[in-house]
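*Asks:* Take a look at the letters that make up each chain.
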Amino acid sequence: MNETSLNHCILAIVCRRPEKVSGACPTFIAASQEEQQNICLLLARILGGIVHDLENGVYIIVKH
Amino acid sequence: MKAYLVVILVGLCLGFVDRCVMLRNDYRHYPTYPHGHLTHLAMGFIAAGLGAMVVPAISKPDYVAVTFLVLAAQEFRNIRNMERESLGKLDENKLIGRGQDYIEGIAKVFEARNYLCMSTALISSAVTHIWSWPLGIVAGLVCILLSLKWMAGRQLGEVIEISRGKLHFAGSLLMVDDVVIMNVGLPATREKILAEGLGIILHPQDDDARMTLDNIGQRMAIIYDVVSILGSKIEINETELHPIARKNPDKGYLALFIVPNEPDVESLIDIVKKVPLLESAQGIGLSSLAGRKAAD
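Chains A and B are the protein sequences, given in the same order. Residues in the first sequence are numbered consecutively from 6, following the working numbering. Residues in the second sequence are numbered consecutively from 1113, following the working numbering.
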């Protein structure tokens, strides 16, 4: 299987407070917790990654 | 010629029976599918034939034939490569693979079984040639029993004890008792894991077993055996439910987490106990003086 993918990298960040994150990673800002979890779920399914909770209101998607 | 025919037949038959007895249909999906059966039986027949020819060739004497027999025996090294390649290819398309260590172990066993049936054929034909064919058959049967005993292999249950573990979350961290498994972000996934997941703790009995559980290949073998029997809810692109084994670095025990199709913890424990102890993973620290001193 010749497949190239980015593993063990943060593929996307989903947060509600933009001041909590910085850098070049794609960042999605959600208005509510429900929206945040929904975006996380969709991104995880699209990217084939896992949602991790940093416990400060920031969620990241990582492919392992 | 007739005398040699009996010698060869006794060796050939007992060597072939030895291979048949060692051929197993296994719940872990060893490649013993019908065509795999045929391949291995055919190779076993050839190996038994080679073993049975040695004694007549020497006693004739025909040393050229003996040399050719030794050359032919070398070909059996290819069996290991054949198994390694075929299992490695199959592994690529599995959601949860066996891992290189497990594949190497299986390949070695297949190679060794042919040498065993060659030895059985050689010994039984030698005894038939020197004494008589009934004694040759007895010698062959003894060889078969010995090869079954030697090739049985050890199981993980002999070196570890297993207890149930409690799945719980500390914040976003999934834990089995006090061992951290992974960070799970989504509340829905956490609820699913708590509702359907199973956790067990594998306690090593000594320092050698602790080293065995440290081996990644052995952990993959455990996970593969469990998943091949109980199933797993992992899917492509949905890898949160991937079975994971993580150790407690201070105490050495291993925690196994899985979300199986059949959530039966008793079966899970039984399966893990019967996982083969991989040769490449066996801890040998206690066999050295320094290791025994350090373990005090």
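Rather than coming from a laboratory, the hints here were simulated on the basis of the structure. Don't take each hint at face value.
Said to hold, decoys possible - Quick list of simulated restraints, FRET-style, between CB atoms: (1) B:ASP1326 with A:ALA36: 31 to 41 Å; (2) B:PRO1146 with A:ARG21: 32 to 42 Å; (3) A:SER37 with B:LEU1306: 36 to 46 Å; (4) B:ALA1282 with A:SER37: 20 to 30 Å; (5) A:GLY28 with B:SER1275: 18 to 28 Å; (6) B:ALA1282 with A:ARG21: 39 to 49 Å.
To be verified - Footprint (simulated), chain A over chain B, 3 or more residues, beta carbon under 8 Å: (7) 1232–1243; (8) 1345–1352.
Since the structure is predicted, the reported quantities are computational estimates derived from the model, not experimental observations. Virtual Cβ for every residue (Gly too), placed ideally from N, Cα, C.
*Asks:* Between the beta carbons of ASP1326 (chain B) and ALA36 (chain A), is the distance compatible with 31 to 41 Å?
*Replies:* Once the Cβ atoms are compared, 47 Å apart, the range 31 to 41 Å for ALA36 (chain A) and ASP1326 (chain B) is violated.
*Asks:* Using the Cβ atoms, figure out if ALA1282 (chain B) sits within 20 to 30 Å of SER37 (chain A).
*Replies:* 26 Å, holds
*Asks:* For the range 39 to 49 Å, tell me whether the beta carbons of ALA1282 (chain B) and ARG21 (chain A) fit it or not.
*Replies:* Cβ of ALA1282 (chain B) to Cβ of ARG21 (chain A): about 23 Å, so the range 39 to 49 Å is violated.
*Asks:* Return holds or violated for the Cβ distance of GLY28 (chain A) and SER1275 (chain B) against the range 18 to 28 Å.
*Replies:* 44 Å, violated
*Asks:* In this structure, is the beta-carbon distance linking PRO1146 (chain B) and ARG21 (chain A) contained in 32 to 42 Å?
*Replies:* 59 Å, violated
*Asks:* Taking the Cβ atom of SER37 (chain A) and the Cβ atom of LEU1306 (chain B), is their distance within the range 36 to 46 Å?
*Replies:* Hint violated: Cβ distance 24 Å, outside 36 to 46 Å.
*Asks:* Taking a Cβ-to-Cβ distance below 8 Å as contact, does the stretch 1345–1352 of chain B have at least three residues touching chain A?
*Replies:* holds (count 5)
*Asks:* Within the assertion that chain A covers the stretch 1232–1243 of chain B, do at least three residues meet a Cβ-to-Cβ distance smaller than 8 Å?
*Replies:* violated (count 0)
Checked against the numbered hints given earlier, this structure breaks hints 1, 2, 3, 5, 6 and 7; the rest are met.
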